[in-house]
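S.K.: Residues per chain are reported as follows:
2 protein chains.
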Amino acid sequence: MEGDHITTLSTPVMVVDVDIVKRNAEKMREHWTKLGVTLRPHMKTHKTLECGDIMTGGSRSCIVVSTLAEAGFYADHGYDDILYAYSVPFDKVERCAVLAERLSLFQVLLDHRDALEQLRKRPLTDGRVWHVWLKLDCDNGRAGVLHSEPEALRLAQAISESEGVELTGVYAHCGNTYGCRGAEQIHAVAHETTTLVLQFMEKLKAVGISCKSSIGSTPSCSQPISDMAKLSEVHPGNYVFFDVQQSVIGSCGLEDVAVRVLSRVIGHSPHRNQLLLDCGWSALRLLSMTQEHGRVEPLSGQLDYSRYPLGTLLTIIPYHACATAMMHSVYYVHSGGRLVGKWTPTRGW
Amino acid sequence: MEGDHITTLSTPVMVVDVDIVKRNAEKMREHWTKLGVTLRPHMKTHKTLECGDIMTGGSRSCIVVSTLAEAGFYADHGYDDILYAYSVPFDKVERCAVLAERLSLFQVLLDHRDALEQLRKRPLTDGRVWHVWLKLDCDNGRAGVLHSEPEALRLAQAISESEGVELTGVYAHCGNTYGCRGAEQIHAVAHETTTLVLQFMEKLKAVGISCKSSIGSTPSCSQPISDMAKLSEVHPGNYVFFDVQQSVIGSCGLEDVAVRVLSRVIGHSPHRNQLLLDCGWSALRLLSMTQEHGRVEPLSGQLDYSRYPLGTLLTIIPYHACATAMMHSVYYVHSGGRLVGKWTPTRGW
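Sequences listed follow chains A and B, in order.
Numbering-wise, this note's numbering comes out as the position in the first sequence, counting from 1, plus 88.
Numbering-wise, this note's numbering comes out as the position in the second sequence, counting from 1, plus 88.
If you're looking for bench data, these hints aren't it; they were derived computationally from the structure.
Please note: incorrect hints may appear among the correct ones.
Chain A stretches covered by chain B per the calculated footprint, using a threshold of three residues with CB under 8 Å from any CB of chain B [said to hold, decoys possible]:
{"hint": "1", "stretch": "90–100"}
{"hint": "2", "stretch": "349–357"}
{"hint": "3", "stretch": "387–400"}
{"hint": "4", "stretch": "406–417"}
Where is the CB? At the ideal position from N, CA and C, for every residue including glycine.
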């Protein structure tokens, strides 16, 4: 297989351009090295060892994951300093404890007092402490205790005062950048989230607490504002692949997108002015597909079927790379169109 | 694990009630035995050996699949008489040929002259012939040559006249039943598709061709009309699990749905009147989810968070079972809430 051209692959298949992956990873590293902020790359988009190695520059250290399955996978392959950035689920406290007792540094995240109680009920052995990030919702609209709620500060205090637990940092995900169009709007959201996090850090300081701060999202970290230099860490993930959505938001150009789904024409439907592809939502997540069929229509005019005979190979740029990658149990990796290997992601929770 | 209650499982997780699965399978078998029509169950929803065994009543024969990966998986486990009901992709002709030369009966499907040409270019060994179904679009809107096009009849003739190729049957998928609400609308679509297929069979007869006929879709096969008794086969698949969509269409009641996603509350967002679940689109495919988070809002009024403390187990009935199953690499199987085993689906194409 190695050395073969990607056009010889059986379709549907997801292919990754390793040169673009390396370029995206390098660019993000340079950004943040220059600003003096630790880059803690998120593994959720690809969930592979090989891409993790590229994102960490081979250090196998300082990563963030979205599932405990990822945490275990990376730990099993020699990674350390892993942040499980997900409100610690009560049914997984014991698995978290095992990782915390095994790695030099395994960090968890929470946004509720009951979660803190769960950690306290499971003290770590050998004098270890739980390293806990407080998830702050800076009007980003998903997980987190709202920055303006008095409970946010009180919870931070409770964490830092609890025995066997350490407040490691404050973590925000500016997921509301996903509604942005263009650098200016991204900067506005990044500015708002950064300001709210830094204000919260001041409040902590006023009560004698000092800890790290981190914000994420590929849009804000690809278009950083100068204030972000005051943060301890950033945690973007999608940037290593990018996708159409990121290019629409303004995080990247289409030439920065490292992934493609290859698909072949398997049908002509002249009575509907459509082509049928061998790529449905089980290969690519888009609207108006069925399980194993994709439907393509021209933006205008009549399809010229002679240009797309059955078997024609089409190259599709995914709208959302994280979602597309989830549908593939293997990614085919190429350099300049020639296969150089396969990456196998971990799955589950 | 066996004997444990499903509430002990780590979430998110997909669970299957084996008693409902058996009841759904049995009911469908009875329907069609009574009508004297062969039931060729579709494996695409679950893609497991165990559920295939239940659907075929243990015969391991006479099934339909949506991917060649499924065909290979079932063939490797002793299944035979497999119909790969997918416009034969040109990059997979050789893999199809290998299966056709290995099984007693492996059948393919096509809707274009170029696909026939591909089969002719790869004659089977040992005097075997390609068993080919013609995919007919009876205004169902996906694959298939349109029933009213003269090309439909000409293509059927070309198949039956080609050396090394046999016209096994005419295949239609009344996917347009998915827009129905209630038995009456389902009957109307089933009637229309059945009538168009039977009219086409008459046209074939008039030019001296006789072959089988088959229509599918869980809605039409769960609410059959008497004319369907004139068909040779039916090929529904989803019915073994059913889901919310099928209950909305009118194929089943909610009590017939065999699958659930179990999820736990991992966050409270009182500032948005929402609960946060550990189940995102990587576990369940629904709108307004992110990768690992689901958001739940009350239909009206304020959420009473004391009723849903963090860690609360919720049971979610999937909207689309085929799509939900695709996101899980293992299904936990129970009887009356007690675990009896795990089913592992095949994946890929």
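S.K.: All the hints need checking, so say for each whether the structure fits it.
M.R.: Against the structure, the hints come out as follows:
1. Taking a C-beta to C-beta cut-off of 8 Å, the stretch 90–100 of chain A contributes 3 residues in contact with chain B, enough for the three needed, and the coverage statement holds.
2. Coverage of the stretch 349–357 of chain A by chain B holds [criterion: at least 3 residues with CB-CB distance below 8 Å; count 5].
3. Given a C-beta distance limit of less than 8 Å, the hint that chain B covers the stretch 387–400 of chain A holds, as 3 residues qualify and 3 suffice.
4. Check on the stretch 406–417 of chain A: 5 of its residues sit with their Cβ under 8 Å from a Cβ of chain B, so the three-residue criterion for coverage holds.
Comparing the model with each numbered hint stated earlier shows that all of them hold.
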